[in-house]
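**Student:** Here's the letter readout for the chains.
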Amino acid sequence: MSGSALQRLVHMANQIAANCGEHRDPAAAAQRTRDHLQRFWTPDMRRQLRQHAESGGDGLSPAVWMSLEDQTNE
Amino acid sequence: MSRDDNVLHYYEPQPDLGTPGVAAGEEVTLNIDGSAVSVPAGTSVMRAAALAGSPVPKLCATDSLAAFGSCRVCLVEISGRRGFPASCTTPVEEGMQVRTQSPELVRLRRGVTELYLSEHPLDCESCPSNGDCELQDCARELDIESSRYTAAAPADCGAADTSNPYFTFDPQQCIVCSRCVRACADTQGTFALTILGRGFDSRVGVAGDDFLGSECVSCGACVSVCPTAALVESSVIELGAPRRSVETTCAYCGVGCGLRAELRDEQVVRMVPWKDGRANEGHACVKGRFAYGYATHEDRITTPMIRDSIDEPWREVGWDEALAFTAARFSEIQARHGRNSIGAITSSRCTNEEVYLVQKLVRAGFGNNNVDTCARVCHSPTGYGLKTTLGESAGTQAFASVAQADVIVVMGANPTEAHPVFGSRLKRRLREGAQLIVIDPRRIELVDAPHVQAAFHLALRPGTNVAVLNALAHVIVEENLHDQAFIDARCDSAAFAQWREFIRDPMHSPEALEELSGVSAQTLRGAARLYASAGNAAIYYGLGVTEHSQGSTAVMGIANLAMLTGNLGREGVGVNPLRGQNNVQGSCDMGSFPHELPGYRHLSDTAARSQFEAAWGVSIDPEPGLRIPNMFDAAVDGQFLGLYCQGEDVAQSDPNTEHVEAALASLECLVVQDIFLNETARFAHVFLPGASFLEKDGTFTNAERRISRVRQVMPPLSGKADWEVTRDLANALGCTMDYTHPEQIMAEIAALTPTFAGVNYELLDEYGSLQWPCNEGAPQGTPTMHVEQFVRGQGLFAITDFIPTEERVNRRFPLILTTGRILSQYNVGAQTRRTANTAWHAQDLLEIHAEDAQQRGIADGDWVGIESRVGATVLRAQLSERVRPGVVYTTFHHPVSRANVVTTENSDWATNCPEYKVTAVQVSRVNAPASWRSRQRQSVPRAQTEEVSGDD
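Residue numbers (the numbering used here), protein chains in the order written: chain B, 6 to 79; chain E, 111 to 1062.
Keep in mind that the hints were calculated from the coordinates and are not lab data. The model shown is predicted, which means the values in this text are computed figures rather than measured ones. A virtual CB, placed ideally from N, CA and C, is assigned to each residue, including glycine.
What follows is a list of derived Cβ distance ranges for each label pair:
1) E/S720 / B/G64: 39 to 45 Å
2) B/D30 / E/Q563: 40 to 46 Å
3) B/Q43 / E/S630: 40 to 46 Å
Could you put the whole structure together from the sequences, leaning on the hints where they help?
**Tutor:** Structure follows, in structure tokens:
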């Protein structure tokens, strides 16, 4: 996957987390972010984001991190 | 007078009962010419007589306008009353005995009619309205061969006004009945026409030299009501009177007007508003009424074309070869790159049946969910926001509901330009006394129109919608103006408690937000109080709400306001998205989004999915597919290689043109199905000629969830209807479809979609149209939603954090560009630019405030360059006070304007709807547009680099 496409995914995920109230309640925002990605993102997009997290996760917001950890721990 | 009725053999004018109907209520029974008739109290004698089968002659009366009582032709006799009352202005009474025919009445009517004829040309045989003229009808009924007062020649009223490209005003034919003046005022609300002069010198006129140069918006209301040939479609003069008619539905905006195509053989002579169309009730606009010429424009492509590579010329082929070529390419791509490597985009211009077939082809034929629709770039946040809060992805009301509203909020919409027929309804209600709040960065017409004045105009900074909605909600809660009883009864109490704590935070107060939003605290508080204190308050919104990085949040903020004040579940209230295209609602209803099946059921819903799997005999992927921007990203990345694009010009309509074009150029097989060789087709390998709305058979669903029939007026020019093309492509791919008529497709939709369960063509023909949900619980449809409870059960107050857009102004890009539509043009202009509507809007202009213009040395009419972080374009400047300093505005109807070259890829967090409404730009005066544009194109990468490195 190209760098710019990955950057877009990271940006979109961060934007979702921010709009899910990350600054107020990061844990709840992580849960909502996870639900959102599950409902609206393709499995491939989710996989790419997870792989990015596993390789350092540069640029991911804390709530997105948390949402991906939740999935990893399943 | 001519007695030749030949032209009437096959043509029936729409019935006219003389005066408007009255809402059902107490019934009054009277006797007319010996027959008993019962009508609602308040009905005129004229209307009752027409209903009783004893129509009274009339000239100034028509049932779209309030009675006027001036022509004196409709006199009747009423037992026990003196004289001869005008039947149009006399209300019925219980037991009334009415006579519409008597020797004395004939004598009186003859005298009056002869006076009208004394100044009217009598050459009926050469008149374009011969056979369709109410004066002629009167004369014929009264057996008048000539007028006793015609010794002198008719008065010289001046030459015909042919300035309007669609209709002619011939004052010689005018009987000064004032119908046109009243239609312009009462139906359209423009007040462009008036009666000039007095007595014998009275004549219809406009302010200005002629119709084209006047305030006239060319809606055609005056033409529709004219009883003679004074105002007549120029096409009728040119082609002759129509001989047959077909009722269908307009294919422009989301109002979905019922139209009647009137034809001679296969040629449309004129398109008139269908009086029984419930969305428009006999009114239309300059687009639907007149701008249909594109459908037979010489630019239409009617033969399929293919090419191996986009740098090769097109090769015309037969349908079989084109479809076999497409199927082979798609199959080969999937064989090499997997089943997820192809997808489709459905069109809001196509019928429900056509859209349904494309999503079925993707899910059952391609074996994935890579289907999206052009609603992605307009109202996808409406779907998300309303589904989340209320439980259904649709507006809550019928258009007619606005007539019961006491306070109307118009937010991010410009109904008089973009939804003009609804705009006229709205203006009518405002003239009756309803109050208006406009929330829009631009001073739209409604803010200050003839006889309409907004109580509040919240001229907010683009990008601050959510902040403003939060401030309004904050005031309502803090000042205890909310409807606690409604909230307790109808909404999720835990979510409300949480939201209440959120919204009470002083950070949401008007005082805290006035600097950010640009709206004074006083105005915000006044607007909140007005909205909350209304008996009935309704919100209408448009793309100025959805096309933002927080579009979905703003929609939820609107729903919060309506729940907070109990303004849901009855007439006169509600949350009403004004959909942009004719079938945005329908294309979304039909499962066009990559995460849900028809009827807005998520793919993860096993029960729903199983239903489709059983019906289609396939297994459906339970995971979401790619959205349009994801498709483009995946294409650039080499993962997505085949796209079937049904009736959408993504190369012109989607943001950041450069990125879109790079994606399209990366595809190995792009199939474009359209009526014209559009911009997207430059990157296509297959062109499948589409059918215009005149060639379609099916249904559209408008913004009020109204499903209306689209009936074929002429056979498809290409030989195939669009649904047949999709069916045949599916079959070529091995996905069997055996439909022989769109009615069968609707039957399948109804069988699989609970909200459409009761819909069928027979019922649509019987009722004219139906608003979904239409099923066992609502067999005649549902005009108002959420009456007893919300579709989701309890209404959900959603937390609406204001997250500022990332698109910020700075020294390099100090102005915010926002976009919109103009009345005469439509979207990217593919249709309207191919009509005479260009008379009103030959080019897109950049509206700029005089203060900003002066700082840049820009004068009205100058060429100006507009540069954003991603691109640049050139337009002519129009100095305007409709925009505030710091904001510039343009329309996007002409491809040469390349407005989307400058729009960015910022998008709504929840739906990826592009943020068209907020682009930071710089504007500068340009002497040589072509060379400036070329220079800017070369410099775009530099601009992007500077942005990444931080220019703020």
